[in-house]
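Protein chains in written order, with my numbering: chain A, 484 to 744; chain B, 484 to 744; chain C, 484 to 744; chain D, 484 to 744; chain E, 484 to 744; chain F, 484 to 744.
It is possible that part of the hints are untrue.
Chain copies aren't distinguished; within one or between two, either way the pair holds.
Unchecked claim - The calculated lysine to aspartate or glutamate pairs, modelled on DMTMM-like cross-linking and capped at a C-alpha distance of 20 Å, are: (1) Lys702 - Glu649; (2) Lys714 - Glu649; (3) Lys702 - Asp572; (4) Lys714 - Asp546; (5) Lys714 - Asp631; (6) Lys714 - Asp626; (7) Lys702 - Asp653; (8) Lys714 - Asp572; (9) Lys702 - Asp611; (10) Lys702 - Asp552; (11) Lys714 - Glu641; (12) Lys714 - Glu637; (13) Lys714 - Glu548; (14) Lys702 - Glu548; (15) Lys714 - Glu495; (16) Lys714 - Asp611.
Everything labelled a hint here was simulated from the structure, so no lab data went into it.
Number of protein chains: 6
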Amino acid sequence: MRILLLNPNMTESVTAMMVESGQSVAAIGTELLPATAPRGMPYISTRAEAQIGGAIALEMLADHEGQVDAAILAAFGDPGLLGARELFDFPVIGVSEAAMLTACMLGRQFAIVTFSNSLVGWYRDCVDLNGMAARCAGIHALDLAFADVAGDQEASAERLVALAYEVVRDSGADSLIFAGAPLAGLARRSAHLIPVPVIDPVAAAVKLAEALVALGPRKAAMGSFQRPAPKQTVGLSERLTARIAQSDVILSRGHSESFSA
Amino acid sequence: MRILLLNPNMTESVTAMMVESGQSVAAIGTELLPATAPRGMPYISTRAEAQIGGAIALEMLADHEGQVDAAILAAFGDPGLLGARELFDFPVIGVSEAAMLTACMLGRQFAIVTFSNSLVGWYRDCVDLNGMAARCAGIHALDLAFADVAGDQEASAERLVALAYEVVRDSGADSLIFAGAPLAGLARRSAHLIPVPVIDPVAAAVKLAEALVALGPRKAAMGSFQRPAPKQTVGLSERLTARIAQSDVILSRGHSESFSA
Amino acid sequence: MRILLLNPNMTESVTAMMVESGQSVAAIGTELLPATAPRGMPYISTRAEAQIGGAIALEMLADHEGQVDAAILAAFGDPGLLGARELFDFPVIGVSEAAMLTACMLGRQFAIVTFSNSLVGWYRDCVDLNGMAARCAGIHALDLAFADVAGDQEASAERLVALAYEVVRDSGADSLIFAGAPLAGLARRSAHLIPVPVIDPVAAAVKLAEALVALGPRKAAMGSFQRPAPKQTVGLSERLTARIAQSDVILSRGHSESFSA
Amino acid sequence: MRILLLNPNMTESVTAMMVESGQSVAAIGTELLPATAPRGMPYISTRAEAQIGGAIALEMLADHEGQVDAAILAAFGDPGLLGARELFDFPVIGVSEAAMLTACMLGRQFAIVTFSNSLVGWYRDCVDLNGMAARCAGIHALDLAFADVAGDQEASAERLVALAYEVVRDSGADSLIFAGAPLAGLARRSAHLIPVPVIDPVAAAVKLAEALVALGPRKAAMGSFQRPAPKQTVGLSERLTARIAQSDVILSRGHSESFSA
Amino acid sequence: MRILLLNPNMTESVTAMMVESGQSVAAIGTELLPATAPRGMPYISTRAEAQIGGAIALEMLADHEGQVDAAILAAFGDPGLLGARELFDFPVIGVSEAAMLTACMLGRQFAIVTFSNSLVGWYRDCVDLNGMAARCAGIHALDLAFADVAGDQEASAERLVALAYEVVRDSGADSLIFAGAPLAGLARRSAHLIPVPVIDPVAAAVKLAEALVALGPRKAAMGSFQRPAPKQTVGLSERLTARIAQSDVILSRGHSESFSA
Amino acid sequence: MRILLLNPNMTESVTAMMVESGQSVAAIGTELLPATAPRGMPYISTRAEAQIGGAIALEMLADHEGQVDAAILAAFGDPGLLGARELFDFPVIGVSEAAMLTACMLGRQFAIVTFSNSLVGWYRDCVDLNGMAARCAGIHALDLAFADVAGDQEASAERLVALAYEVVRDSGADSLIFAGAPLAGLARRSAHLIPVPVIDPVAAAVKLAEALVALGPRKAAMGSFQRPAPKQTVGLSERLTARIAQSDVILSRGHSESFSA
């Protein structure tokens, strides 16, 4: 199966790190198709940037429609996730969503550690939006710049792991999530140094995307995630315009259809 | 004072209706500056469209920066609100936020009535995001098309009021919100027919925007809504690019400064 | 418009401070009518006192009925607010309610700072009652006596501002509320020393009262805040007795009435 | 032990009904001391009346201080409860609180049935204030006048029991509370007709009051229910004035005192 | 009345301590029938052990059916409580449930202090399961072994009381619960050293069990705690097998039965 | 990888149905090892039975330790799950947990449909325990006996699908979970008849178990799910006794260990 690993940020090197992390756990037969945002910003780190980056993510999804079996929104905070889930027929999974759902299978509360304080507000919104506030034992950050971490994860790894250790010890968290695209892979490298399960959001998302593809859920034709009605738009990208306009009709079938085993 | 009445939808006639509704309650000296989205869609009605429309709203805010004292995001669901609040130095208020906060001063629970079922999922997300789920007695809708309502509010007014009456009677709600831009003004016209306070989101937003301007809160220089650090972006509108890039530095002042009354 | 600024405490000098704070933001045409409790206590600071003071507030409201367009319950904790909202036909707003709703438009979480630890329990009840627990980043207090603060706000201003600064820095709050009547005006004086928006509950209440008067919501004739049925009472103040007894009948109108634009 | 059965309403016949209900479950040695409000209203049925009635309840408690081991606030909605708990040294229990806590020992969710729709809003506030919203399967009412029910419980008993039966069947509630003073005793009389445990709030309160007296908890000298500092008041009843003024000092003892078994 | 004091742990000396604590508050006429688990573990301290110990508790309850009027599940965490409440016709009360409900009558929030950190996770689950998270100001523990505390409460009493004092002072809790069977009786011995009410879970449970027996609630024949349908099982204890199998039919009576006062 | 498909019920034919459902989505290389409870009951359907069945599940897990890479607790309601997760070193996943987490990736709210009303109370507890109450749009059931459904799923399939269709249409749910072991496979067979994604709990659990095995989280050595300390027990099964007793020591490693990439 082909899974789109969509980085709504513009930094190719970070996309590469995430592909590596995802590849390390992918099943045989799973191909990760990387895509890096052609416009936007090097790294989304605020609510405003997530608003913009999420819209760009929808464009990118429209560009890859038909080529993939599922897509991963690979920026912690999951910009554009709910809209994507509504608009497209293939499963779309966010890396923060994937990390938190995975944490739910490993204990009662998770803690989140990231590299920059500027991310904490947006990440907290994301935890709330997922209804996970009661399961989050805290979000903690160093105060590093994106450029420094993205360029050389090694340089800050020791400090991040030390912070994670302290957070786990002091918060009573049952698992630890390393959040932020440039931390991809750190979970695996540091698992032996942190006394609870450590979760890599990209790795978790790859496995959950594979799971969804295997389960093969149909696109909703009822409820609040049903395919929206076709609509004419102005000034959007070509493929996104087409996606919103065409909406090849999926009728809500009644159960009058006879049931056949 | 000048308040931007920002319609992230492209339908000018609806902007006009909202201006009229807002003007009817505006204080002497308040000028409403209307703006209609130059691109996007005629009417935002899904999560995906809100993701896109919210990004367009940020562009529009950047275009009007320096010309207004506050801005109203005039689409129920408040696309882009939190990002706008973070990015700009003037107060930005959403019409759904304004309606719900006003309802809090008029009773324990409010009900929401709108014209199309397709809006309900997105509106419910908005209620949740505002932490208002416990105060919402329900979201109810007819199944009308935007074009029909926008073209002629009169045609559907009686059905909407009848639905509102039933919802109030059956849900125990203490107030009623008519949601959706093409319903602007309906609250005032139907107040005598509905036995609880009826709230017009645009009117409520105008009064709360005036309140905020008068209170003159400073732009946060700490916390999760502080002005983001400057950042280079690619492919965004000229003014939005500048806004994100410049970020004329507001330093977090320590309290070492002497206190003077 | 005339707005009753009702101080359910007996300290005239504090009423004066609050009038000054309110006046500083009031619109042209808004007249604040001050009223200080004729009996009760110098300063409400416990749940028991709020129970008593709230009943006195209802008496005071009955005494001013017909003379004002709206009333502000000007003691943080809002003693008697819900009863007042139910019993009277004009809008009644509490200062703590106003402060918290205003904070909702300025960020995700607010912190509360006050002058005496003895107030914290009651204030926390008030936050809970308003359903704002998830938006409150903490309530913090010095341990000053009312008499000292009421007599000379200046004396404690520096310590209060220092505490507020620390709370904002450590709690991640997006705004700060100075709670407690004798702190009226402190928000404005210290805004330049605290790195997030600072909210004066009285000022916020004046603006929200003006907003409600302009919006002109009808008195509920259905729901849980409808005007209570007339009732004979014994031993209450003359005007309150009359208010509860007469209840000039507002019938719940059906929507059979024809709709007219 | 002597337990004050305090009816904050003025209707003596209802007090008598409640005494009878309480007496039927009281332990040997428990004496119920009835007290009926000397002023206020025949029956509290709104938030405003509860504000006033709660203040009267505090007066009544002050009048009986020293004569009783505990007190029961015998009006569903528990007017004045938290203030009473703070101000007095003996345990004070509310009948709605007692009913809900008892229900917690008998299943997951309880339903509440009462005689008048006008009570529902206030009762719902009470459920919320006790943090019991998630355990409440609904509040349902007939539309009877207090006078009718108080004068002759028999006349409405069959309709109330029929409503209770329907509510239990349709809501999935695990227990049923008959709320409202004039329904005292109905639980016992109808237990064989309702298929889940039926709770009489007064009876529950008598047993929980006995429990608290036996457990002999000390008066808090720390936390938010510690005895308030002495305060001069104006215009309150003689005994309540004294209670608030004197506050015979209970010092917070440190644990430096040696521990002795 | 006879109340089974069921210790699902195997340590007889701890059962004896709990009987003594319970006896000290029991009413005249209340007989506590002690029972100590014949198999399982000396002391339940994890979720896995609670799963096993709860099943053993059901066996013990089946063994004592017919001999008692009510039963107390005397291990903090209440292993097996909900199953017991469903399966048996007499009231079953857990000691942690009893402690928390009692705390609700003594203030807004309680703190829990116990002797071993290994208990905290399980106790927190128990607080959550009872819907009491918002009323719990924290769970704090020393790091003592069960054997040490069970053998000689005296040895650790001073440290436990000192911890309780600190927790109360720092958390703002309104009451304090000493949790864990080997701490039975400590509440009474230390009440004069801790400035808020101190709750002994066993003592609280005895009083609430007496209350329930006096109130005489019927066994549910509807709702989620109705007596389960008879079922054949394999390999369970003789009496438990019989209990699950026979289920002497309690039919859900309709309210067609005539109502008789 | 080998995954234990543990049926804590005694009905072999149901185990077979679940294996078939799981096998249909399992990855190449995944072997499902079925195990059916050797004692207990044909089918767990109450809280009491879940208490007993969960303890039996722990025995079964101990019996298979060392033979599998992960285990699935294959009874909706997940009896014994948290204890298992604490006690064993390999991942243990419950089918209801798996179904609900999967539903979170497919929309905002899920509805649950099962075959017997007697299951609803226990299932609702399970939803609550997972913190999923806000995401559950309702639990609905037919009133069929286990024996009938287990013997012949075909017989009731049409009625179950019709109920599911109605629930989806009326509740606004975004996905549908068929709960209850004898409904294994029904989701797949009926997906074309229900207009939202339909989730088979066993299939979901197989995919999530595969995901966890691939992610390879370490066993917690800190937090509330760390491996319990060794303990001597009496009367438990041989392997469970050994598991609890030995607890081959996993020390909590400090981060003093040098970090190596």
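TODO: List, from low to high, the hint numbers that the structure doesn't satisfy.
DONE: Per hint list: 2, 9, 11, 12, 16 violated.
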